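Protein chains in written order, with my numbering: chain B, 1 to 112; chain H, 1 to 116.
Since the hints were derived computationally from the structure, they do not count as laboratory data. Fair warning: there could be bad hints in the mix.
[Stated by the list, open to error] Simulated pairs of lysine to aspartate or glutamate, EDC-like, Cα-Cα distance not exceeding 16 Å: (1) H:Lys40 <-> H:Asp85; (2) B:Lys56 <-> B:Glu39; (3) B:Lys99 <-> H:Asp85; (4) B:Lys99 <-> H:Glu24; (5) H:Lys36 <-> H:Glu53; (6) H:Lys22 <-> H:Glu67; (7) H:Lys41 <-> H:Asp85; (8) H:Lys18 <-> H:Asp85; (9) B:Lys42 <-> H:Glu84.
The structure displayed is predicted, hence computed values, not measured ones.
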Amino acid sequence: GESVGLHLPTLSVQEGDNSIINCAYSNSASDYFIWYKQESGKGPQFIIDIRSNMDKRQGQRVTVLLNKTVKHLSLQIAATQPGDSAVYFCAERAGTASKLTFGTGTRLQVTL
Amino acid sequence: ETGVTQTPRHLVMGMTNKKSLKCEQHLGHNAMYWYKQSAKKPLELMFVYNFKEQTENNSVPSRFSPECPNSSHLFLHLHTLQPEDSALYLCASSQVQGRGGNQPQHFGDGTRLSIL
């Protein structure tokens, strides 16, 4: 079946460094992708999204890159801060369906 | 403040109890969702409501019964649950536009459910 997965379950970075969280997807029909951040005791929080007609989108300190050729999505966080410590999920959707498929998540740990 | 409020935040119940989870969204969205989040598993979609009509039931056992009285409120009625139903139950909402559209879902902080 179709799946969305993450390469690394845990990522540890030093404060101030850049973080890169990766996501692989298998549904070639997926045309919309979202990154969520989930802090302990809270629900997933929308970070940034990207449509398949783009290969890069930037937000505040975050950049999402989409490589449709290899079905790969990444989230880059610049100047990582302790408040960035959380679990990050990618999600994808194919076509007009409202259903999102989520990956298992990557835990980002920021060390001082 | 996410715009999606879930109550209660924590719930402990026995297998024979009946309880309900409540979700309210203040974002003016027209679609609402229930998800189950278990440890080390991806988020599992349970139910989808568009314009108060259920459009998806992802093979959820009948001991979970959703209700959507209007586009701002969503309930999940629980009855005769099993220990494996212990999880974080998340509600989300989104604006579904014509021909699907691409709008993100916004989540509440969930109800942590423990079945004794």
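Verification of the supplied hints:
1. H:Lys40 <-> H:Asp85: Distance ~15 Å between Lys40 (chain H) and Asp85 (chain H) Cα, so the pair holds.
2. B:Lys56 <-> B:Glu39: Cα-Cα ~25 Å, so violated.
3. B:Lys99 <-> H:Asp85: Violated - the C-alpha atoms of Asp85 (chain H) and Lys99 (chain B) are around 22 Å apart, more than 16 Å.
4. B:Lys99 <-> H:Glu24: violated, 20 Å
5. H:Lys36 <-> H:Glu53: violated, 20 Å
6. H:Lys22 <-> H:Glu67: Holds, because 10 Å separates the two Cα atoms, which is no more than 16 Å.
7. H:Lys41 <-> H:Asp85: holds, 13 Å
8. H:Lys18 <-> H:Asp85: holds, 14 Å
9. B:Lys42 <-> H:Glu84: With a Cα-Cα distance of about 21 Å, the restraint between Lys42 (chain B) and Glu84 (chain H) is violated, given a limit of 16 Å.
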